[in-house]
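J.: Numbering (numbering that gives the first Met the number 0), first residue to last: 0 to 186.
No farther apart than 16 Å at their CA atoms in a straight line, the calculated lysine to aspartate or glutamate pairs in the EDC-like style are these:
#1 K29 with E45
#2 K182 with E152
#3 K33 with D51
#4 K181 with E152
#5 K117 with E159
Taking CB as the label site, the calculated pair distances span:
#6 S158 with D184: 20 to 28 Å
#7 D42 with P116: 55 to 63 Å
#8 L94 with E45: 52 to 60 Å
#9 V135 with E97: 55 to 63 Å
#10 E185 with V18: 19 to 27 Å
#11 V46 with L119: 50 to 58 Å
#12 G50 with A100: 44 to 52 Å
If you are wondering where the hints come from, they were derived from the structure by calculation, not from laboratory data.
Cβ atoms here follow ideal geometry from the backbone N, Cα and C, with glycine treated the same way.
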Amino acid sequence: MIEEKFYLFELGGVDLFLVVSWLATLGEVKTNWKTLTMRFNQDAREVRIQGDPTLTKRVITPATLLKEIEIEVVSLVWNMGCTELEERVDEGETLHPEQQAELEDILEDFEDIFQEPKGLPPNRSMNHQIRVKVSVDPVNVRPYRYPHLLKTEIEKQVSEMLTSRIIRPSNSPYSSPVILVKKKDES
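Use the sequences and the hints to build the structure in full.
T.: Now the structure itself:
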């Protein structure tokens, strides 16, 4: 067992940082970045630290994403976005003044579309249903696990949506995983 003193910081969803001052106390450390492992000796025995490869960032196609959702995939965090657009924005590309004016006109013309919903949609003449066989139970799938930081954010957003009546409470035995995507503005 390794006993160490740690400083508590809000890490934004990361469980632990291995800082250089602590790593320096270990002496020789063998690190394999491909397998995300670290090995060092302490008290005449080898200690091995294993990283979680599912936390590494990788590009994924929409087809692969759908396939992984079909299969039982646990503890994956997806950051979905357009990498080409992100690269162009990162390079400092901005709209020309006439493009900016055109964008503002579009946003103004369609402001009813771009505003936050204020409740459930109105009742329709026909309610759509998903009919399931009475004798069939829902598929038994392990709960989707996500970091504590995401749990807090999900609870906050669900509470806000319930309050503003965008969603309503449900007792359905069916569920689906929640995927949060952090925006460029960190919201």
